[in-house]
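With the hints as your guide, set chain B onto chain A.
This is what each chain is made of:
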Amino acid sequence: MKVWEEIINTAIIGTDKKTINAASLDIELQTILEQLETKDEDKERVFLNVCAMISNYRKAAFIPASIVVDDIQLCASESFEYCSASAVAALQAILDDDNKSLLNYFLKKCQSLNLIIPPYFLNQLFEKAEKEEQLRTSVVSCFGERGKWMAKFNNDWEFDKTALNNQDIFDHGALEDRKKVLKAWRVISPSEARVAIEKVWSQEQAAVKLEFLKILEDQLEIEDEPFLKLCLKEKSQKVKDLALYLLKKLPASFIVEEVWNFVKPLVQIEKSSSFLGLINKESLEIKLNFDIPEHFKSYGISHIDADKEFTEKEFTMHQLIEIIPVWYWEEHFKLSPLEMLTLFNKSDQTKKYINALALSCNSYQSLAWALVLYKNFNSLCLSAVKDFDMKTKQEIVLSEKEYLQDIYLILNDEYAEWDLNFALNLIHKTAQEPYIFTKQYYRNLIHHFPVEIMEELNQINHEDINKQSYWVNLREEIKRMLTIKLQIIQSF
Amino acid sequence: MQLNEEQILALAPDEASRKAGRDLANSVKWSNQGINDKALWGECQGSGKNPYKTQVDLLNVAFKCSCPSRKFPCKHGLGILLLYGRQNNLFSVTNAPDWVNEWIEKRNEKVEKASEKVSKPVDIETQAKRAQQRHKKIELGIQELQLFLKDIVRNGILNIPEKAPAIFNNLAKRMIDAQAPGLAFMVRELGEINYFKENWHTQFIDQIAKLHTASTAYQNIEQLNELLKEDIRTIVGYNRNNDNLMLQNGIIDHWFVLAKTIHQQEQLQIQKTWLHGIKTGKNALIIQYFVKSQQPELNLTPGTIADAEIVYFTSAQPHQAIIKSLQGVQTMLNINFGFTDWDQMFNFERNLIQNFPFITSQVFLIRQVVLATKNQFWYLKDKAGVAIPLIANEGVRLKMLAITGGELFNLVITGLEGNYTPVAIIINDNYTVLP
Chain A
1 MKVWEEIINT AIIGTDKKTI NAASLDIELQ TILEQLETKD EDKERVFLNV
51 CAMISNYRKA AFIPASIVVD DIQLCASESF EYCSASAVAA LQAILDDDNK
101 SLLNYFLKKC QSLNLIIPPY FLNQLFEKAE KEEQLRTSVV SCFGERGKWM
151 AKFNNDWEFD KTALNNQDIF DHGALEDRKK VLKAWRVISP SEARVAIEKV
201 WSQEQAAVKL EFLKILEDQL EIEDEPFLKL CLKEKSQKVK DLALYLLKKL
251 PASFIVEEVW NFVKPLVQIE KSSSFLGLIN KESLEIKLNF DIPEHFKSYG
301 ISHIDADKEF TEKEFTMHQL IEIIPVWYWE EHFKLSPLEM LTLFNKSDQT
351 KKYINALALS CNSYQSLAWA LVLYKNFNSL CLSAVKDFDM KTKQEIVLSE
401 KEYLQDIYLI LNDEYAEWDL NFALNLIHKT AQEPYIFTKQ YYRNLIHHFP
451 VEIMEELNQI NHEDINKQSY WVNLREEIKR MLTIKLQIIQ SF
Chain B
1001 MQLNEEQILA LAPDEASRKA GRDLANSVKW SNQGINDKAL WGECQGSGKN
1051 PYKTQVDLLN VAFKCSCPSR KFPCKHGLGI LLLYGRQNNL FSVTNAPDWV
1101 NEWIEKRNEK VEKASEKVSK PVDIETQAKR AQQRHKKIEL GIQELQLFLK
1151 DIVRNGILNI PEKAPAIFNN LAKRMIDAQA PGLAFMVREL GEINYFKENW
1201 HTQFIDQIAK LHTASTAYQN IEQLNELLKE DIRTIVGYNR NNDNLMLQNG
1251 IIDHWFVLAK TIHQQEQLQI QKTWLHGIKT GKNALIIQYF VKSQQPELNL
1301 TPGTIADAEI VYFTSAQPHQ AIIKSLQGVQ TMLNINFGFT DWDQMFNFER
1351 NLIQNFPFIT SQVFLIRQVV LATKNQFWYL KDKAGVAIPL IANEGVRLKM
1401 LAITGGELFN LVITGLEGNY TPVAIIINDN YTVLP
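Protein chains in written order, with our numbering: chain A, 1 to 492; chain B, 1001 to 1435.
Quick caveat, the hints were computed from the structure, so don't treat them as lab data. Do not take every clue at face value.
Said to hold, decoys possible - Heads up, simulated EDC-like pairs for lysine to aspartate or glutamate below, C-alpha to C-alpha not over 16 Å straight-line:
#1 B:Lys1019 to A:Asp97
#2 A:Lys59 to B:Glu1417
#3 A:Lys152 to B:Glu1394
#4 B:Lys1029 to A:Glu127
#5 B:Lys1374 to A:Asp71
#6 A:Lys17 to B:Asp1206
#7 B:Lys1383 to A:Asp71
#8 A:Lys59 to B:Asp1343
#9 B:Lys1374 to A:Asp70
#10 A:Lys100 to A:Glu127
#11 B:Lys1019 to A:Asp96
#12 B:Lys1383 to A:Asp70
#13 B:Lys1110 to B:Glu1394
#14 A:Lys43 to B:Asp1151
#15 B:Lys1150 to A:Asp42
#16 B:Lys1150 to A:Asp16
#17 A:Lys18 to B:Asp1151
#18 B:Lys1019 to A:Glu477
#19 A:Lys59 to B:Asp1206
#20 B:Lys1029 to A:Glu455
To be verified - Chain B residues, not near chain A, derived (Cβ > 12 Å throughout):
#21 Asn1004
#22 Ser1027
#23 Pro1097
#24 Glu1105
#25 Leu1227
#26 Lys1272
#27 Gly1281
#28 Thr1340
#29 Gly1406
#30 Leu1416
Here a beta-carbon is modelled for each residue, glycine too, at the ideal position from N, C-alpha and C.
Just chain A, with the same shape it has in the complex (with noise of 0.2 Å):
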């Protein structure tokens, strides 16, 4: 509007200075303008009145700008039904109290249900998936119709469209984008993301070159050791030895079966009798009178025990031992896993190298092995424990307070709920240190306790009446989690 300009001009320079020019005004509003002047002479009054009257002239006249607009594509109808009225305040409550493990939970119980979530969620659920990875599964399945359509208005929530592009994302992604899409390929086709590793190595710098051959730890195979070979002769110290780690860590890898072919012959079954040849016995002898290849020493050997514990000989009879994966001495002496580690197990000599075998066992991670060295020698192979039957990793679990605090890592399961006198005996074991095991400890694992625990909660008390508080405040924590727990079971 020309008037008001002339007005907003006028008033930011000030009458003092400029005065409205008439002749800029529709007729209409110059015989006003007119009017208002001659009542009266003081300009800024006029000035006023003039303000007034246009202003409430404008604001009467507004008529909006036309303009072509596109519509919208509508949003297909449902398939699924919607959750109840009860899971949709129960998933309220778990929204406002930013619980990722319930919300998961609830997520997991609409999914095998074929529920969807109500569209008024959608936003915060959209939200909370692209800030947390591991709920755009489950938010996807429970989304419906209406969320495929919202996705397409927003960029960062077509999570669908990110897996189909995943050659783009590693072409020109972001570093913590190509790990994702890496990894990813790791788990589905190791050679593959080998290969595209290998594709754009010669461009990549030494610190992306680090990540991409962290994630090449995981499902190692055999035909990465050409490409890991390769890694050795990079300039970059870091690249080279985390290449190196990699081939000792490689079962049938040039490295291991150089070692295996060395110490083999050093180790053996000796064989006596004894009361007049009636009882026969075996033991294993390990021979140190061995000078290393000169070579071995680039494979990271050496001979200075740091810790005093072991000669220079053991000390590196010990680190090559932990280079050759365990099931070779079961092959090689035809003897079981726990033969084998009796035998290592029956002398002070040999003895000291059931650490080593440990070490082994976690390495290439043998179930067999892990098993007897937890149960016969109570060596505990962290990497190898996820395969255990459950009871097993929940005994590991109760038996230690590190293990309570690795608890995801040893009983590696998501979402099972766990069985009440389990739950039971953690929640004794962790109230005793109220200040390790917090808030943030339960609320991770919240959806795991049986709801059935909450009665028995008021029975757990501290002795230390300065953590009795804490836990106190923990407990009712916790009580407060396993109601929404409860509301969501009996919404479904």
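Leaving out everything else, chain B in the frame of chain A:
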């Protein structure tokens, strides 16, 4: 009456109460819960020995609870209303216990007393003398105000952002001294303009024009008709007398509660409730003032329909009103009222402004609009194909998309002169407040 979750949570005084209320909307926490046509009640076991007795007046939503909380409503009030909204089968329809009946009776007595209240005899001579004194004071205040406005336009408004808000706060204090709180409020609004915004000049000039009109009109008040006289007196800061209004006959209608806002001004909470008469097509604004720890006398919930008699304050453009009596509250029926297109709404707004230049931001209901887009901008298109820009942040826009799915919907908006912000969406009889 059954409110939806959003409507109930909109009653909460703060976020903490909202959260706590939701936690308490759990059947395990409640006992002896019941409902009748007037009230909803239940007992909630808290940290004390005896359970808290919580009751809700369903007619004119009000809460009472025996808990020590000073919030209104407390978490128990919200919790029980939410629980009823989610699982009404847990509430037996029965006679209310004595503690509920007593409270409801007391509330009814209070309302009756208020409607029967007749103004006490006053000393007319003293009153006239006092009115004359106040008039003189206001006139002096207006002279000072006009001098101030003239100084501003003479020197130019370029440097105003550097001086605001101090110069306006000082002048507002002078207007208070001159017993013109209405003018003081308008002056203070000059200090609250966002001077970092590109179009602050327009907002500023509109406001000084309004001050100039109000002050000049007061100087010429004897030349105005009775209706305008009342309007100008109110704008300057004279109190309106509710008691006299209660004696007048009002308009009985089903009043759809379009929207409700609460904002704070110093120690006071100001609640504005916008109503739309379904039969009469009239709009009404109910304004209530209360201190933070209390609740307003009337608490209507947006999206519901109040069967009520309302009386407008005397005005050239009757708008602000009081509720004389409230017969009942219903949940929403089919929306067959409100504006059918933008053109109709702009005509209505134009008439308002022409009749009464002091009109402020309004609330409107427009039916059957749809979200549309052009060059990455979003619009609200009516059935006639006229589109106006959607003024909303991304969160609100995405929520609107999620709720509507691209379908036609009814929209409650607030604003004036082309700048409208969405307040709520009504689709399939569900009233959803937009954040």
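What's the verdict on lysine 1150 (chain B) and aspartate 42 (chain A), does the C-alpha distance respect the 16 Å limit or exceed it? holds, 9 Å
16 Å Cα cutoff - pair lysine 1110 (chain B), glutamate 1394 (chain B): violated, 46 Å
Report holds if the minimum CB distance from glutamate 1105 (chain B) to chain A is greater than 12 Å, and violated otherwise. holds, 33 Å
Between the alpha carbons of lysine 1029 (chain B) and glutamate 455 (chain A), is the straight-line distance 16 Å or under? The given pair, whose Cα atoms are some 15 Å apart, holds under the 16 Å limit.
Lysine 59 (chain A) and aspartate 1206 (chain B) were given as a pair; does the straight-line alpha-carbon distance stay at or below 16 Å? holds, 10 Å
Is the Cβ of asparagine 1004 (chain B) more than 12 Å away from each Cβ in chain A? violated, 10 Å
Given the hint that lysine 43 (chain A) pairs with aspartate 1151 (chain B), does the C-alpha gap stay at or below 16 Å? Judged against 16 Å, a Cα distance of about 11 Å means the pair holds.
Does the no-contact call for lysine 1272 (chain B) survive, Cβ to all of chain A over 12 Å? Given that every Cβ of chain A is farther than 12 Å from that of lysine 1272 (chain B), nearest at about 20 Å, it holds.
Straight-line alpha-carbon gap lysine 17 (chain A) to aspartate 1206 (chain B), limit 16 Å: The given pair, whose Cα atoms are some 21 Å apart, is violated under the 16 Å limit.
Do the alpha carbons of lysine 100 (chain A) and glutamate 127 (chain A) lie within 16 Å of each other, as the hint requires? Distance of about 12 Å is within 16 Å: holds.
For glycine 1281 (chain B), is the shortest beta carbon distance to chain A beyond 12 Å? holds, 21 Å
Threonine 1340 (chain B): least C-beta distance to chain A exceeds 12 Å? Non-interface label on threonine 1340 (chain B) holds, nearest chain A Cβ at 16 Å vs cutoff 12 Å.
The structure fails hints 4, 6, 13, 21, 22, 29, 30 (numbered hints given earlier, in ascending order).
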